[in-house]
Amino acid sequence: MVSTHNFRELKIWQESMILAKLVFAFTKTLPDSERFGLISQMNRAVVSVSSNIAEGSARKSDKHFIQFLETSLGSLFELETQLLLCVEFDYSDLSSVQSMIDKIHELQKMIYGFKKTLS
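If you read the sequence shown in the working numbering, its first letter stands for residue -5, the second for the next number, and so on.
Hints were generated in silico from the structure; no laboratory data involved. Bear in mind the structure is a predicted one, so any value in this text is a computation, not a measurement. Check each hint, because a few of them may be wrong.
What the hints assert, rightly or not - Using 30 Å as the maximum straight-line C-alpha spacing, the simulated DSS-like pairs for lysine-lysine come out as follows: (1) K15 / K109; (2) K5 / K22; (3) K109 / K54; (4) K110 / K5; (5) K109 / K97; (6) K110 / K22; (7) K54 / K103; (8) K103 / K5.
Required output: the full structure, derived from the provided sequences and hints.
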């Protein structure tokens, strides 16, 4: 089956862009000593989510699109882990990162649901 999705119209892509803004704002509050550690990792992970949705939408088949959605899901799990590490390292408290974690869980559910429509 040929994939005919305009990524800009996909709710999962739109929500991933909102999450990216939240994460980039948050990483600006982290210590400079993490510039090449957590900050870089978190920013790359959140960019990966929307980028893989966009790239997958351009693939010739839904099967290939699903592979890119799987990568987006992996990046979301990675990002959640990194946010929890920020709490563990006392860079933030759980209440400060909870809204991003909630957004991650919401987006994961949306991507899982979207994948089912492609299968």
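Against the structure, the hints:
{"no.": "1", "hint": "K15 / K109", "result": "holds (24 Å)"}
{"no.": "2", "hint": "K5 / K22", "result": "holds (26 Å)"}
{"no.": "3", "hint": "K109 / K54", "result": "holds (15 Å)"}
{"no.": "4", "hint": "K110 / K5", "result": "holds (15 Å)"}
{"no.": "5", "hint": "K109 / K97", "result": "holds (18 Å)"}
{"no.": "6", "hint": "K110 / K22", "result": "violated (36 Å)"}
{"no.": "7", "hint": "K54 / K103", "result": "holds (24 Å)"}
{"no.": "8", "hint": "K103 / K5", "result": "holds (12 Å)"}
When held up to the earlier numbered hints, the structure conflicts with hint 6 and nothing else.
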